Amino acid sequence: MTWGKSLWVIILVKLFVMFFVLKLFFFPDLLKQNFKTDKERSAHVIENLTNIK
Amino acid sequence: MNELLDLSLVDWSRAQFALTAMYHWLFVPLTLGITFILAIMETIYVKTGNPEWKKITKFWMKVFGINFAIGVATGIILEFEFGTNWSNYSWFVGDIFGAPLAIEGIMAFFMESTFIAVMFFGWGKVSKGFHLTSTWLTALGANLSALWILVANGWMQFPVGMQFNPDTARNEMVNFWDVFLSPVATSKFLHTIFSGFELASIFVIGISAWYILKKREVIFARKSILVAAVFGLISSVFVIGFGHASTQQVAYHQPMKLAAMEGLYQGQEGPGLIAMGVLSTQKTDPEYKQLKDFLFRVEIPKGLSVLAYLNTTQFMPGIKDLLDGNSEHNILSAPEKIARGKEAIQLLKDYKMAKDDGNEAEASTLRAKFMSDDFQKNYFKYFGYGYIKNPTDLIPDIPMVFYSFRIMVMLGTYFVFFFFFALLWLTRGTLEKKKWFLRLALITMPLAYLASMSGWILAEVGRQPWVIQDLLPTMAAVSQIGVSAVQVTFWLFAFVFTLLLIAEVKIMTKQIKIGPKDGGH
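Protein chains in written order, with the working numbering: chain A, 646 to 698; chain B, 1165 to 1685.
Hints are supplied without guarantee of correctness; some may be wrong.
Subject to a maximum C-alpha distance of 25 Å in a straight line, what follows is the list of computed DMTMM-like cross-link-like pairs (lysine to aspartate or glutamate) [said to hold, decoys possible]: (1) K1513/B / D683/A; (2) K684/A / D1259/B; (3) K650/A / E1668/B; (4) K677/A / D1259/B; (5) K1533/B / E692/A; (6) K1519/B / E1500/B.
Simulated from the structure, these hints should not be mistaken for laboratory data.
Model, not experiment: these values are computed from the prediction.
Input sequences plus hints: build the corresponding full structure.
This is the structure in structure tokens:
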């Protein structure tokens, strides 16, 4: 394989792993996933920020 | 929240981000610098018409291409982590972070990738002028990407130009220019890109030195060293200049970071600068066990005062002043800041409860108080302190920042001399006889990476416990997820990035061994 082809293979495999493995299975956007609206997200974050002992 | 918070979650989340950021930073500085080196070489080719310069440019373009292909998109992982591991933080920073990162993405993905395509595939297909312009625009695009991410990081170190919205719990940008032209962001950006130029120059000289040692591609190597040594020498001077500016900003806006990196425990007027020193394991203060004594130190009298304030009599607070307070110099104590931070958090909580209870009148009064000038300047300013349990939590890891600062500065100073003598001996025609210097050039390559990483360790470990200076500590920024999830992704990244690094080293060394095609002999 030429060096150029090797690089393209690496790029494509890397992007596939990042977006279709890591992002899908390991890196959900928690606020987007767990809450439907920005109002709910704000409420959750305020709850986290203010719930200290 | 803090009672339940597993500190190992915070530590693993930090370790994961540090690992991915450092791997990303292995690839970036070479791209930042080598693109300009390519642009200079190609300019010489177009100006002189000498095909030797075209071959030289194409070889280094190949090296850049390998580094770029392996490194591209490694930064996206960091953005994944914002959403998963740092959800409180990513919400809290609102559109302050989002806007620069979005612009960075546009710069990187559109401008850079468009002109990279012309640069790689356009030889012989477009005019010399168009191709040369594309090479310059690739360099510009890469460095403009760095600009936006450093504007975002600059804001973390010195948050300005925003207003916190208690209804949405987001910081909203009220002045784009305050954020973009923040002196912290500006000095940090310039220092960082010039350090990338320095690293790339060292890389080019190192590889070229290898060729000379192997008695191969000598003409190619000489010409490459000429460009890299001049570019590197100029860059190394600017690195020092902007590094100085950056340190001044740290003195003004992050006094604890400065005190930690300088081992300044007790404030004084006209403090000296510790040029070299070794910390002992013995604590020097019965109350603060993080403050370690020095086994030895070489101090430049008044040096720190001159470096930071350009005078010999400036009072500079030590760690103990910042924790205990110093009324003579208007420094609030840490317990006082913690109390004010707690008040700010409590007011936010009371406001939320009043709204949830439907008590409009009380909510309105509380909101007005929260948004008042006095409250913002004297209480909200210390919001993040409200999460701090123990004042000593405000001290960053002293050995890590102390040593990383010195490693960076010593190597940076060495690089100036390295470039100077490379250029001097090259122009005198004696470089090839100095085999010791050529071997030194090989060793200098990993040292450039060490200096680069040390700088980031200083910047990011030095700002701890803050993820946003004074407003949000890391313990409040982290998502409430299982530690095991973070551990799994930590090791996954370590594996994936190590594979990428091995691939880069293998492909690059193979192409270097093959050498530039059709010339350079």
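Has the given pair, K1513/B with D683/A, been kept, meaning a C-alpha gap of at most 25 Å? Within the cut-off at roughly 18 Å; holds.
Is the hinted pair K1533/B and E692/A satisfied, with a Cα-Cα distance of at most 25 Å? holds, 20 Å
Check the hint pairing K677/A with D1259/B against an upper bound of 25 Å on the C-alpha distance. Distance ~16 Å between K677/A and D1259/B Cα, so the pair holds.
Pairwise hint evaluation, E1500/B against K1519/B, where the allowed Cα distance is 25 Å at most: Roughly 29 Å between the alpha carbons, so the hint for K1519/B and E1500/B is violated.
Holds or violated: K684/A to D1259/B, with C-alpha atoms at most 25 Å apart: Holds - the C-alpha atoms of D1259/B and K684/A are around 16 Å apart, at most 25 Å.
Run the distance test for K650/A versus E1668/B: straight-line Cα separation, threshold 25 Å. This hinted pair holds, its Cα atoms lying about 14 Å apart.
In terms of the numbered hints stated before, the structure departs from hint 6 and from no other.
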